[in-house]
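Given only the sequences and the hints, what does the whole structure look like? Please build it.
Letter by letter, the chains look like this.
Protein chains: 2
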Amino acid sequence: MKMKREGILVVISGFAGAGKGTIVKELMNRYDNYALSVSMTTRQPRVGEVDGVSYFFVSKEDFEKNIAADGFVEHACYCDNYYGTPKSYVEKQLADGKDVILEIEIQGALKIKELYPTALLLFVMPPSAQELRKRLIGRGTETMEVVNKRMNRAAQEADGIEQYDYIVVNDTIEVCVQDTHSIIEAAHAKPIRNEALIRTVREELKRMAKGE
Amino acid sequence: MKMKREGILVVISGFAGAGKGTIVKELMNRYDNYALSVSMTTRQPRVGEVDGVSYFFVSKEDFEKNIAADGFVEHACYCDNYYGTPKSYVEKQLADGKDVILEIEIQGALKIKELYPTALLLFVMPPSAQELRKRLIGRGTETMEVVNKRMNRAAQEADGIEQYDYIVVNDTIEVCVQDTHSIIEAAHAKPIRNEALIRTVREELKRMAKGE
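In order, the protein sequences belong to chains A and B. Residues in the first sequence are numbered from 1 upward in steps of one, following my numbering. Residues in the second sequence are numbered from 1 upward in steps of one, following my numbering.
Hints were generated in silico from the structure; no laboratory data involved. Wrong hints could be hidden among the right ones.
Just so you know, same-sequence chains aren't split out, so a pair can sit in one copy or run between any two.
Think about it this way: if two alpha-carbon atoms lie no more than 27 Å apart in a straight line, the pair counts; the simulated DSS-like pairs of lysine-lysine are [claimed, not checked]:
id, residue 1, residue 2
1, K134, K190
2, K25, K98
3, K87, K210
4, K206, K149
Dropping the structure here:
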């Protein structure tokens, strides 16, 4: 008897430069159980960004209508622009048994845990702070001012790590992607995610014990 | 920076016939991170049982001395014989970074969770009650009376499944052993089992943020 597997809402956070984006991309490429949630935003698309892939780009009015209709899993406002995770896509994918990945920062992650207590919160961290700095500099696209700003931000974000369910140390990407996938697979084996199976086997055992 | 990995105390329970013994044997054969705890008992050795492998066979007097010295992780009395898990072996292996496997029933498992809150409790179950019955009959070593007794016992034990951290469905042994190993590996990624790493990276980030 195979039970349909319930999808898990997987929230991935971590310091800028820790490798979240690469991990998410590799999970999507290698395994077929994942769906990536696309955020909605009111900010202008940058060069190369595609509507529906990078973000859903909408007007401020449409975004606010969606807030009023309780249409977001979480949303926030940065620099006068809204960003949010549309609820309809997430819930449809979960119902289809997909593990839905959201890449968001800690405040959003904690809001999601409140709304979906069975969500799985993963924090991606580098093996050391030195290594994080090296990677940020190695990108070659940022000024030292931006690198330092990101390091300061990381120092603040580090206070929230214990609120996550799991940490993923990104030492080598290959091992790290496998580790992340194992953590998500293991989460499917929690009793709370197998209530139907447990109930069925239990009832069957009790019927047999009664000689039915 | 590699932190020394802390060992996890892994408790494996499950219905008779669900395949616990095979899973444990395969984990020990395939991976090098496990140590199997050997129980101590006052019952007589059966033919083929080896002292220090099957059990540590001791006198009632010695067992009771060990109880008095707080030398057991858990112990119980069945049919006038004592059975217990010696604490010294478990703690030595954990300190060495080994994941220590204990194969015990639910009362013992819950006692261990009290004493070691970070212990990982796994419950092995068959894909269905019918399958469990088939396997018990298939052993060919038990009378139908014994098979029925075990099915009744399973019906009672089934009430405790939700108290375990994870369930492992033993459909095919190959997949099941891998699943079990993944669950244990994932448990190493809990923040509580990486306190030293988190603290070190956090302090390093804060020092860098201050420009030290």
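Verification of the supplied hints:
1. K134 - K190: The answer is between: 26 Å across copies meets 27 Å, while 38 Å in one copy does not.
2. K25 - K98: within (16 Å within a copy, 33 Å between copies)
3. K87 - K210: Neither: 46 Å inside a chain and 40 Å across chains, both beyond 27 Å.
4. K206 - K149: between (61 Å within a copy, 12 Å between copies)
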